[in-house]
Each structure stands twice: as C-alpha cells, then as structure tokens.
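**Q** I would like the entire structure built from these sequences, with the hints used as guidance.
If you read the protein sequences in the order shown, they are chains G and X. Numbering (this note's numbering) for the first sequence: 1 to 128. Numbering (this note's numbering) for the second sequence: 129 to 668.
Hints are computed from structural coordinates only; laboratory data are not their basis. Cβ atoms here follow ideal geometry from the backbone N, Cα and C, with glycine treated the same way. Among these hints, one or two may not hold up.
[What the hints assert, rightly or not] Short, incomplete list of chain X residues facing chain G, as computed with Cβ under 10 Å: (1) Met129; (2) Pro132; (3) Tyr133; (4) Pro137; (5) Lys147; (6) Ala155.
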Amino acid sequence: MADTPEAVKKSIRTYMLIGAILFVFTVITVAVASFEFLDFGIHGFDWVDAIIGLAIASFKATLVAAVFMHLNHEKKAVYWIFGSGIVFVIGLFALTGLAKWDPIHDPYFFGDEAANTAPAVENAETDG
Amino acid sequence: MEIPYVVTPRKDTGLFNSKIAIWLFLASEVMLFGGFFSAYVFLRLGADYPWPERTLPVLPGLINTFVLIGSSITVVFAWASLKLRNWNHFRIYMGITLFCAALFMVFKGIEYNVKFHHQAVRLDDYTIVEGHLGYEKEGDQYVLDHHGNKVEENMIRIETTGLTFSTVRYHKPWVEELLSQLEHREKNASVKLAEDIDAVVEEGKPAETLAKAGEELSLDLLARIRKAHLKARAHNADLRTDSLREAWKQAKSANPGKRDWQFSSDVDVNVEAIKDQLLTEIPAVSFVVEPAVKFEFKPRDVREAETQSRLRDDTVIDGKLLASPMVFHYVDAIDFRHLAMKAVEKGQDPISAVENSWLVQNHEFARKAWDWNKAQVAKLEARLLEDYGVHKETGLPRREPTAKERYRIDWKDFVAMSDGVDRGKGNIRIKEEFMGPDYKGREEARTFPEHFSLPREQVAFASKFTPAWNTYYALYFTITGLHGLHVIGGALVLAYYLFFGRRMFESNPEWLANRVEIGGLFWHFVDLVWIFVFPIFYLM
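**A** See below:
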C-alpha cells in the first residue's frame with residue numbers, strides 16, 4: 001500500500017489514468033449498446049450483448065477494486081474476508097441457475113410427450 | 129485508555145481496526161447487492177411478459193455514471209492530500225466529491241419523479257398504453273380534492289343510493305372524502321342513518337337507542353358506534369371464553385380416563401346460559417343517500433360492479449356504476465408486445481391479433497400509427513436483409529427487427545411520423561432525452577389526439593411507473609433506491625470528515641487519513657455497484 005508520501009505522489013498518476021480508462025469504457029458500453037455496427041449476435045439485445053456489457057462492467061469494477069480500493073496490494077486478511085463474500089454471491093447466482101434450469105420444467109422429463117402437444121393453458125389473470 | 133491499532137496496523141493481520149471492519153462490512157454489502165442482482169436474473173429469465181428493454185432514458189444514467197466515477201477519483205485524491213498533509217487540497221477534493229454526490233441524487237430525484245407521474249395501463253387484450261392522464265375540470269377550473277390536489281381523470285363514478293360502513297374497518301380519510309364531496313357537489317343531498325340502532329350497552333340493562341334513524345353521517349356517529357361495538361365484542365368474547373372453559377371442566381370430570389379428542393365434539397359454549405349477559409354487537413351500519421349522489425372514488429380504492437361496489441375498507445356502496453373512463457391527456461406510447469406474445473402463445477398470428485385489438489379497431493390515430501409502424505418495420509426488414517443477407521443453410525434472414533421495433537410505437541415515433549421522416553430520424557431535443565416528451569415545447573408536433581378516452585371495462589390493470597407496474601420497476605426501484613441510500617450515507621460520513629476533521633488533522637493527521645481511506649473504500653464500493661446498475665437497468 002502506498003504509505004510514504006513519495007509512493008502516494010507516484011500513485012496519483014495511476015489514479016488519473018484509471019479514471020480516464022473508466023470514462024472511456026463507460027462510453028464504449030453505451031456505444032456497443034447503441035450502434036448497429038457494434039451490435040454482435042442477432043439484431044437487438046441478446047445474450048451476446050449481455051455478456052459484452054457485463055464483461056466491460058466487470059473489467060471496470062476490477063479496476064476500481066484493484067486500484068482505487070488498493071486490492072492489488074492488500075493484506076491477506078482482506079482477500080479472505082472479501083473473497084468469502086464473493087464466493088457466497090457466486091453460490092447465490094448458482095442457485096438462481098438451478099431454479100431456472102431445473103429439469104422439472106422440461107415437459108419430457110417425466111416422459112410425458114403429450115404435454116408438449118397439448119394447447120398451452122393460459123395463466124389465470126390476476127390484477128394488481 | 130488508549131484504543132490500540134487505530135493508526136498502526138496489528139502485527140498478525142497487518143491491518144488497523146477500521147480497515148478490517150470496513151472490509152467485513154463490504155463483504156456483507158457484496159452479498160446484499162448480489163442477492164438483489166440474482167433476483168433480477170431470476171425474475172428476468174422467468175418473466176411472463178416482454179421485458180422492458182432500454183426503457184429508461186440513457187443520457188441521465190450516463191451522466192450519473194460519469195459523476196460517480198469522477199467522485200471516486202476525487203475521493204482518492206482527498207485521501208492522498210491527507211497523506212501529503214495538505215489540508216487545503218483535501219478540502220477541495222472532498223468538496224467536489226460531495227458536490228458529485230448531491231448532483232447524482234438530483235438526477236436520481238428527477239428520474240424518480242418522472243416515473244411517479246407517468247401512467248401505464250394494460251387493456252384486457254394486453255395492449256399497453258403509456259402516457260399522462262388529464263385532470264378533472266369544471267369550466268376552466270380544476271376540480272380539487274379535500275387535500276387541495278388536482279383530481280386525475282381516472283375516477284370511478286357511482287350514483288350512490290346507500291352506504292354501509294364496516295364498524296371496525298371504515299377508513300377515516302375516505303369517510304372525510306365522502307363528506308367533502310357531498311358538501312362541495314350535492315348540497316341538497318343528505319346521507320342519513322337507515323334505521324334506529326338499538327343496543328344493549330351495559331350487562332343486564334335493557335337496550336337503548338344509540339342513534340336514531342335519520343341522523344346525518346358524521347365521523348362522531350361512526351366513532352360512537354365503533355366504540356360500542358368494540359366494547360360489546362370484547363365483553364362477549366370474554367363471556368364465551370369463560371363459558372367454554374367451564375364446559376371443558378365439566379366434560380373432563382364427566383369423562384374420566386378418556387382423551388380430549390374423544391369427547392371434544394360435545395364441548396361448546398352454553399349459548400342459553402350467557403344469552404342475557406351478552407351486549408349487542410354492531411358490525412356494520414347502513415346509511416341512505418337521498419337523493420342519489422354521484423360519488424367519485426379512486427380506482428385503486430374500489431372494486432366496482434354494476435349495482436353494488438365495495439371499497440377496500442369493506443364499505444359497501446349501493447348504486448349504479450356510471451361511465452368512468454380513464455382519460456389520457458397525452459399518450460407517450462402504444463405497446464403491442466405483450467399482446468403479440470400472448471397471441472403467439474395461443475398459436476395465433478401476432479399481426480392480425482394487433483389489427484383486431486380494441487385500440488386499433490376503435491381508435492383512428494392508433495390505426496394510423498400502426499400502419500406507419502408496419503411500413504417502418506417492412507423498410508427495416510428490407511435494409512437488414514440487404515446489409516446482412518441470409519443464413520446459407522436455412523435461407524432465413526441473418527438479422528430481423530426486434531419485438532420492440534415491431535410492436536412498440538412510442539412518442540419519438542409519433543414525432544418522426546408527424547415530421548414525415550423514418551423512425552429514429554425525428555427531431556428530438558436534448559431536454560426530451562432527459563425528461564421525456566416536451567408537450568408544451570412541441571405543441572404543433574404532438575400528434576396523439578388530446579383526451580384519449582379509455583372505457584373502464586377495457587382496463588385490466590393500471591398503475592404509475594411504480595413497483596406495482598411490473599417486476600422490472602420493482603427491481604429498478606429496489607436496487608437504485610438502495611444504492612441511492614448508500615450514496616446519501618457515504619456522503620454524510622465524508623461530509624463529517626470534511627467539516628469536523630480539522631482538529632483531528634492538527635492532532636493526528638494519520639488517523640484522519642485512515643478514516644478518509646475507510647470512507648473512501650465505501651465510496652468506491654458505491655461506485656462499483658453503479659458500474660453494474662447502469663448497463664443492467666439502462667442498456668439491457
């Protein structure tokens with residue numbers, strides 16, 4: 001960690017540079033979401049755009065955490081504490097995934113082929 | 129006593145106290161926001177309606193992102209200034225940080241305010257109309273409710289002949305509202321008690337008349353009856369409990385050796401014995417309205433029906449339901465995406481479903497806008513085919529218009545339509561990118577007809593753009609609201625260092641630097657959350 005005045009003075013340039021990169025990548029995020037020639041995957045929003053958008057956001061977040069929050073040179077204890085939080089979040093997203101891709105929603109899961117050919121039953125309408 | 133490790137790090141962890149504390153806190157914050165983001169993923173993947181993509185204006189969100197990143201830089205400069213023992217620089221950088229925090233909240237406030245005044249309605253056939261409602265007028269004057277607020281043209285009108293209040297549940301402000309409407313609109317009419325209320329109010333005494341038939345409706349009268357009812361209810365409940373307890377005692381001694389369940393069906397309150405001790409309960413009280421009065425109710429307060437409606441506080445309104453249209457003064461968007469989705473689910477053609485929708489069938493302008501939109505989609509399809517070609521194997525176009533392009537016509541399209549240009553080429557002003565359409569500024573170009581009236585029976589669900597409207601807005605307000613609270617909390621802590629840090633700077637500058645580093649860590653975390661909020665809510 002930058003503790004001596006000399007080290008602090010040196011790191012100020014780094015902070016400016018990281019700030020500039022964050023600004024630039026914010027503009028890139030918007031550009032990728034707005035311009036057709038930067039639209040990958042199908043026309044309009046799809047999972048490719050989601051991955052690109054989130055990848056840029058993750059990159060920016062990593063810069064903030066590593067440089068502004070000094071995680072690039074922290075003590076071990078901090079990595080353990082913060083890392084455990086991240087692990088739990090990943091677990092939470094995994095649970096969301098399990099709920100979404102639960103095979104019980106698959107009409108063929110129980111070998112019931114008729115389920116797929118029967119007309120869709122409309123959900124009962126409830127108003128707010 | 130001196131607190132250890134406020135400036136110097138502990139040997140084993142290498143950290144001073146507050147640093148380990150803030151990282152523990154940030155770890156919990158990661159899990160808190162992570163929980164909400166996973167809820168977002170869950171609700172978006174499982175949504176049974178077309179997700180509102182790119183529905184928020186991007187420009188204010190983008191500016192807010194710049195503002196927060198800027199403040200992240202200045203807060204780290206403020207910390208560096210303290211490390212270099214430069215109080216004046218610290219003051220400047222921290223001041224800019226706080227200014228950024230305030231600016232961020234102002235933009236957020238504007239954005240929220242616009243949402244709270246923006247009306248959406250889903251029709252029975254899943255057409256969605258968005259816009260702004262008009263206000264009730266009498267001549268040139270706006271009608272005001274008893275709070276002095278303008279009344280939206282979205283009221284349920286009932287020609288009321290009778291009112292029955294639930295003694296326990298009646299909601300005082302709604303009764304006040306009824307009395308106020310009576311006073312302002314129908315001076316000749318009266319709301320009178322339908323019949324005498326005779327009640328036993330003291331044990332063992334004869335019934336007395338609490339109120340006589342013909343007494344005018346008032347809050348005092350209702351309060352009096354409520355008081356008597358609550359007293360009677362408590363008294364009678366005690367009597368029944370005692371009686372039941374006695375019955376159990378007797379049953380147990382009469383059935384020695386048996387289990388409770390073997391004789392429990394015979395145990396009951398001895399109604400005959402306590403009959404004379406009971407007080408009279410008055411659960412509801414009826415009033416007659418003469419002559420019939422046209423009362424107005426807010427749609428969310430009433431479940432309306434042809435002859436008898438009911439308020440949420442269980443007040444029963446007898447009387448004929450009058451025409452109660454929902455009147456839009458401005459329409460910002462017509463959205464057929466949900467309708468098209470439902471049609472596809474049923475195996476129908478979405479285009480003909482739209483063309484047979486109530487709105488297109490009954491509204492000249494909607495029909496015109498839909499035809500314009502169809503032509504635009506055809507143009508777009510042709511261009512995409514020309515630019516990107518077809519898949520070799522399937523022969524299908526590589527790129528096709530999105531559901532939003534196919535089925536949603538918004539105010540920018542209305543502008544393009546009236547400008548006589550293609551979609552996206554209309555003359556939109558910078559202010560409108562922020563606040564939505566500027567009706568006063570573009571009176572001549574506004575094309576959706578004034579006072580678009582929507583019959584009540586077509587309305588399936590209506591709401592402002594609040595958490596009630598759909599799960600997207602529920603998540604938007606939860607996550608950005610929580611984030612906003614973090615901005616306010618962080619700014620308060622940083623402001624404390626700025627305005628009350630001078631003395632500590634003089635006595636122990638390293639300690640203050642450590643504190644600012646901790647506050648700064650939280651501030652960076654707030655920025656880090658926004659880095660995800662911005663693309664997820666504004667761009668995807």
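**Q** Against this structure, judge whether each hint is valid.
**A** Now for the hints, and whether the structure bears them out:
Hint status for Met129(X) relative to chain G: violated, with the closest Cβ pair at about 25 Å, above 10 Å. Taken as an interface hint, Pro132(X) does not check out: its beta carbon lies about 17 Å from the nearest beta carbon of chain G, beyond 10 Å. A least Cβ separation of about 13 Å between Tyr133(X) and chain G goes past the 10 Å threshold, and the interface hint is therefore violated. Below 10 Å, beta-carbon pairs count as interface contacts, and Pro137(X) has one with chain G at about 8 Å; its hint therefore holds.
The criterion of a C-beta within 10 Å of any C-beta in chain G is met by Lys147(X), whose closest approach is roughly 8 Å, and the hint holds. The interface hint given for Ala155(X) is met, as the beta carbon of that residue sits about 3 Å from the closest beta carbon of chain G, less than 10 Å.
Hint check: violations occur at hints 1, 2 and 3; the rest are consistent with the structure.
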